Amino acid sequence: MLFFSFFKTLVDQEVVVQLKNDIELKGTLQSVDQFLNLKLDNISCTDQEKYPHLVSVRNIFIRGSTVRYVYLNKNMVDTNLLQDATRREAMSERK
Amino acid sequence: MSFFGFDASGAQGPQRARGGRQQHQQRQQQQQHSQQPLDFDDTYKGYGEYAPEEEDFLNDETFGNDVEVGNNFDFGHGAAAAAPAASAAPGASAGASAAPPQQHRSYVAAAAGGVHPAAPVDSAADLKPMESLWNPAAAQAAPPAQPQGRVLSLEEVERQQRQMQQMPPQQMPPQQMPPQGYAMVPQGYAIPPQGYAIPPQGYAMPPQGYAMPPQGYAMPPQGYAMPPQGYAMPPQGYAMQQMPQQPMQQMPQQPAVPQAPVAQQPVAQAPVAQQPAAQPQLDRSASSLSQNSQSGTPGPAPMGEAELAAPVHQQMPQQMQQQQQMPQQMQQGRQRQRNREPLTPEEQKRLDIRHAKVEKILKHSGLMTPRDKDFITRYQLSQIVTEDPYNEDFYFQVYKIIQRGGVVGESNKGLIARAYLEHSGHRLGGRYKRADIALQRMQSQVEKAVTVAKERPLRKQEKELAQQQEQEGEAASGAAADSRDGVLGRISSSLNSKAPRRQLQIPAANKDALLNSLLVNDEHHARASAAAPDALMEVTESLGNVDLSQKSRVRRRSSYAFSSVDQSSVMSRSGGRKFVLSLIETVYEEVLELEANLRSGKATDVQKLWEALHINDELYEVCPFISMLSFDKGIKIMPRIFNFLEKEQKLQLLQTFFSELSHLNIIIISSYKTNPQPSEAQLKQIDVFQTVFLKIIVSFLSSSSNFIEIMGLLLHLIKNNSVSFISTSKIGLNLITVLISRAALIRQDTNRSNMLSSPEISTWNEIYDKLFTALESKIAAVFPPREYIAKVTEKSAGSAAAPQHYDQAYIWQFLASLALSGKLNHQRIIIDEVRDQIFGTLAEAGQLATAAAGPGPDAADSRYRRDKLYQDLNLFLNVMGLVARDGEISELK
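Sequence order for the protein chains is R and D.
Quick note on full-length UniProt numbering: the first sequence kicks off at 1 and runs consecutively.
Quick note on full-length UniProt numbering: the second sequence kicks off at 1 and runs consecutively.
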């Protein structure tokens with residue numbers, strides 16, 4: 001649940017999602033669920049010439065399993081807290 | 001239950017097949033004249049000519065009972081039928097009237113028929129679904145003049161839909177049948193110009209494949225009748241409570257309203273004779289004729305219909321019929337009025353677009369009841385919600401708290417409910433904008449979801465139990481298995497989302513074995529080092545007020561004698577890198593647990609944390625705690641450790657820290673002697689240490705320590721370390737400065753209030769003497785060589801944009817506090833030793849002064865640097881009553 005928990009904090013932030021088919025989409029993260037499916041709003045494709053079919057798309061639902069990367073702004077992440085959360089997760093698994 | 005109504009006259013099955021009124025007449029005759037022999041040719045439908053299929057007995061339910069075998073059915077939404085609908089010319093209306101199948105049998109009639117078998121039953125109405133399903137010709141003709149009919153707005157359509165779904169049909173008073181009812185159907189059953197508003201039954205429901213809930217309460221015409229208050233109720237509760245309670249026999253009554261036009265028409269026409277309402281009947285009779293002939297069954301004479309209708313009519317409450325008539329008439333009037341206004345092309349276009357939209361919305365709407373949706377929402381929620389947000393959703397929870405500045409806001413469940421509302425688009429609260437109600441509903445959903453989530457592990461346990469029992473050979477019933485599996489596809493257990501499958505499986509290391517091997521190594525080390533000479537032993541003994549156990553002294557001495565600056569060797573002497581790292585993790589875990597306890601208001605027990613720190617651990621040559629500080633994460637956890645430790649423990653920790661300062665990695669890398677070329681990462685590390693750990697020490701010393709404790713710490717430092725080495729490092733020098741300046745402050749402070757006891761003062765003097773002796777003749781060495789300075793400035797300049805200069809303030813601070821605590825002879829020695837540096841600084845400042853005088857962008861920078869140099873230098877000089885100004889040193893006035 002750590003990633004889910006983490007991505008929830010990114011809601012309403014602008015992220016760039018790279019899919020496994022190399023499409024890169026920039027948009028505002030609208031929601032995320034436990035499968036890390038993403039909903040993006042106001043999307044724009046970084047390579048519009050290659051994927052013209054996405055020019056007219058405004059919002060999109062992305063199945064979590066098709067995501068390769070999510071690029072974040074550095075200040076969206078509280079790394080110390082993330083470290084703690086990771087440790088807690090590891091602890092709870094050991095129990 | 002049948003999709004289109006059911007047939008209570010099942011006993012006459014074979015006859016039913018004939019369909020049409022003729023058959024009905026036959027039956028009537030049969031009933032009236034007692035039994036006549038059946039004529040095979042009348043009843044045989046020619047099924048034998050087709051290949052037999054399975055489940056034929058359901059065919060009537062699905063397709064109706066008077067359909068010619070071999071027809072093509074359209075069970076989709078009927079795009080084919082809908083498309084022509086839009087373009088159908090108004091003139092087609094006459095033909096359109098043919099579409100409505102008139103003989104639908106109502107539930108009422110059916111029910112009544114069941115109760116009173118003697119009553120004649122309109123068998124022709126039996127199970128006759130919409131014509132357009134299988135008769136494309138009829139379907140095309142059906143939508144008449146749609147563009148001219150009244151067009152509903154999107155909202156209206158939505159509302160109607162909702163009503164349809166939410167209202168258990170029986171709720172609807174029949175008389176409320178709203179005028180615009182039929183008009184809403186997208187296909188444009190809107191009343192054609194002729195104005196026969198009485199719709200053939202079943203019309204109002206979008207004819208093709210409109211997903212109707214099986215209970216039949218979705219018969220759409222009733223929908224609009226719904227009184228508006230109905231909405232405010234949470235639909236799901238409503239539907240759930242109402243439906244089961246409804247006695248079965250009541251059910252059939254509701255559809256009767258729209259479906260019994262056969263019965264109504266005669267009545268309707270009588271009072272409203274002057275209205276065109278009469279006309280449709282003719283039309284319809286005619287059309288039914290043609291329709292029947294189209295489908296290959298002989299059509300009944302129009303007269304027959306009227307006759308048939310009469311008996312059915314008797315069964316219906318008179319009142320109801322009359323009530324129905326009224327709105328219909330009104331509607332007719334309205335419709336006609338509207339139809340008279342011509343539409344401009346733009347309007348037409350807009351209407352078309354709107355229709356396309358409505359079409360889209362209607363396509364799959366009603367597929368799920370609100371209850372279904374709630375059920376699924378609950379299931380989705382149950383995957384997300386958790387009883388224990390701080391453990392399972394730690395990052396999010398704490399992040400939000402931090403974002404809001406430490407204020408705990410809405411509850412977790414409230415947040416989830418809100419978020420889900422946002423997704424579902426219900427946040428506006430529907431028609432009446434009752435957003436608060438919508439939120440309440442969602443919150444209750446979340447509540448339920450939590451209970452579902454709570455049950456989940458229980459069920460899992462049951463399953464496991466059942467499996468175990470099976471393995472043991474006991475006959476365990478599989479009933480324990482999740483019965484809901486499969487209903488919504490495979491319901492992933494909590495395992496999937498909460499603990500995803502791992503790419504990497506790391507077997508749990510055998511910690512004990514590792515520890516044992518480390519211990520063996522360590523003892524070996526200890527024995528080897530015990531023999532090392534103990535040069536400073538006498539000095540230690542002379543300071544009797546320091547109570548270090550003999551054993552630890554031996555250990556420390558020896559490790560000091562070894563004194564290697566190699567980090568890895570230091571590390572190995574404290575248990576090895578792996579061991580230290582695992583210790584740090586243990587410490588983190590303890591701290592996290594303590595913090596969790598603190599949050600939940602439980603008592604905190606620091607004992608485990610204290611043990612994890614290994615402060616008093618005599619097993620290792622170098623205390624593991626010191627090695628922990630070699631890692632950034634070890635440094636960063638310190639403030640949080642200090643939050644929990646008792647004062648005694650803090651003091652003990654700092655004693656250990658100062659005792660083993662020479663082993664501290666940070667000292668080693670910050671000393672120009674051992675690390676003449678620091679890397680960027682190392683400089684960063686030094687910075688982190690300074691901002692994190694030094695800060696704790698300063699705050700501890702200034703807030704809660706007394707004079708004796710400070711002396712003790714300083715003594716630990718002096719006794720166990722090479723002060724001259726430590727003073728070559730920035731961090732070391734800073735640490736010493738902190739201690740002696742704090743001591744000096746306390747001394748000055750107590751001079752006024754409570755005097756220090758003379759033994760305290762004498763001890764302090766003794767310690768200071770010792771410190772000074774250690775530093776004497778090496779004081780100049782606190783200044784790093786030029787190459788080192790150049791290196792450091794170069795490195796740090798790389799990271800920062802502005803040109804940086806080595807800040808020597810810490811050195812002058814040290815000298816200042818050293819001089820402050822010392823007597824006059826000490827100060828003289830200090831000045832003697834650093835004279836070169838003083839004059840070097842003055843010279844540099846002089847150069848900068850000339851540079852600052854000149855023009856150019858560097859002037860401001862030079863001026864700043866010159867001032868800084870004077871400022872730093874004066875820190876020291878002021879202590880002795882001197883001041884440096886404009887390249888000269890004068891007495892402070």
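Just so you know, these hints were derived from the structure itself, not from any lab.
These figures come from a predicted structure and were not determined experimentally.
Don't take each hint at face value.
Said to hold, decoys possible - Listed below are the simulated DSBU-like cross-link pairs for lysine-lysine, each with C-alpha atoms no more than 35 Å apart in a straight line:
{"#": "1", "chain 1": "D", "residue 1": "Lys-650", "chain 2": "R", "residue 2": "Lys-39"}
{"#": "2", "chain 1": "R", "residue 1": "Lys-50", "chain 2": "D", "residue 2": "Lys-360"}
{"#": "3", "chain 1": "R", "residue 1": "Lys-95", "chain 2": "D", "residue 2": "Lys-363"}
{"#": "4", "chain 1": "D", "residue 1": "Lys-608", "chain 2": "D", "residue 2": "Lys-633"}
{"#": "5", "chain 1": "D", "residue 1": "Lys-400", "chain 2": "D", "residue 2": "Lys-349"}
{"#": "6", "chain 1": "D", "residue 1": "Lys-633", "chain 2": "D", "residue 2": "Lys-650"}
{"#": "7", "chain 1": "D", "residue 1": "Lys-578", "chain 2": "D", "residue 2": "Lys-448"}
{"#": "8", "chain 1": "D", "residue 1": "Lys-673", "chain 2": "D", "residue 2": "Lys-608"}
{"#": "9", "chain 1": "D", "residue 1": "Lys-823", "chain 2": "R", "residue 2": "Lys-74"}
{"#": "10", "chain 1": "D", "residue 1": "Lys-823", "chain 2": "D", "residue 2": "Lys-695"}
{"#": "11", "chain 1": "D", "residue 1": "Lys-360", "chain 2": "R", "residue 2": "Lys-20"}
{"#": "12", "chain 1": "D", "residue 1": "Lys-363", "chain 2": "R", "residue 2": "Lys-20"}
{"#": "13", "chain 1": "R", "residue 1": "Lys-95", "chain 2": "D", "residue 2": "Lys-636"}
To see whether the hints hold, each was checked on the structure:
no. : hint                    : in the structure
1   : Lys-650(D) - Lys-39(R)  : violated, 50 Å
2   : Lys-50(R) - Lys-360(D)  : holds, 31 Å
3   : Lys-95(R) - Lys-363(D)  : violated, 51 Å
4   : Lys-608(D) - Lys-633(D) : holds, 19 Å
5   : Lys-400(D) - Lys-349(D) : violated, 50 Å
6   : Lys-633(D) - Lys-650(D) : holds, 19 Å
7   : Lys-578(D) - Lys-448(D) : violated, 47 Å
8   : Lys-673(D) - Lys-608(D) : violated, 39 Å
9   : Lys-823(D) - Lys-74(R)  : violated, 53 Å
10  : Lys-823(D) - Lys-695(D) : holds, 29 Å
11  : Lys-360(D) - Lys-20(R)  : holds, 32 Å
12  : Lys-363(D) - Lys-20(R)  : holds, 33 Å
13  : Lys-95(R) - Lys-636(D)  : holds, 26 Å
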